[in-house]
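S.K.: Build the full structure now, drawing on both the sequences and the hints.
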Amino acid sequence: METKKRVELLAPAGNMEKLKTAFHFGADACFVGGSAFNLRGMSSNFKNKELKEAVDYVHSLGKKIYVTLNIFAHNTEIEYMPRFIKKLDEFGVDAVIVADLGVFQMVREHAPNMKIHVSTQANNTNWMSVKTWKDMGAKRVILAREMSLKEIKTIREKVPDVEIEVFIHGAMCMAYSGRCLLSNYFTNRDANRGICAQDCRWNYKVIAEGHEETGAHDIVENEEGTYMFNAKDLCSIEFIDKIIETGVDSLKIEGRMKSIYYNSTVVKQYKRALDNYYSGNYKYDPDWLAELKTISHRQYSNGFYLGPTSEKDQNYETGLSYSQTYRLVANVLEKVDVNKYKIQIRNKVFATETLELVRPIGDAVKFKVENFLNTKNDEYQEYVNPNTIAIIETDVEMGPMDLIRIKLPEGQSDSDMDTSEF
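Numbers in this note's numbering are just positions in the sequence shown, counted from 1, shifted up by 1012.
I should point out that these hints are in silico values taken from the structure, not numbers from a laboratory.
Among the hints, a few may not be true.
What the hints assert, rightly or not - No farther apart than 30 Å at their CA atoms in a straight line, the calculated lysine-lysine pairs in the DSSO-like style are these: (1) Lys1016 - Lys1244; (2) Lys1127 - Lys1075; (3) Lys1360 - Lys1388; (4) Lys1352 - Lys1032; (5) Lys1347 - Lys1378; (6) Lys1061 - Lys1016; (7) Lys1099 - Lys1032; (8) Lys1162 - Lys1419.
M.R.: What follows is the structure, given as structure tokens:
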């Protein structure tokens, strides 16, 4: 009996460190942005030289890398995009992600052998549109987020000869597949050209006058504010088997602007679920969701997968409402001697704290250290600050790119957005 091809686990990568972290923790492919033409204009992204380095690195692992060209292009972009497309073709990227029909045609003309993935921004919600893109030459179609499992399965059955990709985890937009104009009007930053100000997370005061008898909600501001456009984050780990069984080819994680701790944790937990599924004895493990709650996230929802959404899929109470239970404090650089490791400090950490090592395989391992050797002044310290390179001694086996975290005090939390890139 023929074994069905394993679904791809596709991770975000806002820079080279995030890219390497994603693959270290089990991603099959990463999607990245170049210095222009993508929907994460506030991310550091990859300059051309870095992009070539990234492609070579990914291919050395036998993995794949996709580059986003998914802005809603205006005339100015059309004029200078061909040169970038040719450069991507020269680098050997595995595919480009396109939303605009004109950009699609430009790729066909200037890089005829380049594989094209049609972005979720193209709002594909039915099998006929997917078939049309396939007939035009698309290798893969990334479906709109606003779809149920049943609808996705129908598309797979109707169009079996094109790759299908769906989002499985990350931030959701209150607008249809991200087609929002709030940021344009309020801050003159175009959400569809990569510089969204996330105005939907602000608090608003709106009253639906005259509709009290129809069941419409009166939305008024109270002491906590009213965040009526504030969507919860998508998390599908509890029914990931059902998504796989729709027949999709790729499972996509959102979050190019999130931290390496976010990237590593989300990739690791979904890979654990996939390994479990393909073992032939699938059983959901609550630990997967528990770990996904250690990262900074808004409240989770099932998105549109299990049917129509309700007010439970919006967070009306608070703006960001980020919560997390752990904080990344360091990443491992290398082993320097027996039981001695050089680490890079990301957040202030004390020797009195219980540390946890996070590796690609297995549960986190708790350990403690007596002190930190600051490599800059060659002094032993009881605590170290961010951007310090330190050496620690422990009998816990570590490897490069493994991560070290601490558990936060009850009730303490902060954002996992990588603000260093702003």
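S.K.: Determine for every hint whether it applies to the structure shown.
M.R.: Going down the list of hints, with the structure as the test:
{"no.": "1", "hint": "Lys1016 - Lys1244", "verdict": "violated (33 Å)"}
{"no.": "2", "hint": "Lys1127 - Lys1075", "verdict": "holds (15 Å)"}
{"no.": "3", "hint": "Lys1360 - Lys1388", "verdict": "holds (16 Å)"}
{"no.": "4", "hint": "Lys1352 - Lys1032", "verdict": "holds (23 Å)"}
{"no.": "5", "hint": "Lys1347 - Lys1378", "verdict": "holds (18 Å)"}
{"no.": "6", "hint": "Lys1061 - Lys1016", "verdict": "violated (37 Å)"}
{"no.": "7", "hint": "Lys1099 - Lys1032", "verdict": "holds (22 Å)"}
{"no.": "8", "hint": "Lys1162 - Lys1419", "verdict": "violated (39 Å)"}
In summary, the numbered hints that this structure violates are 1, 6 and 8.
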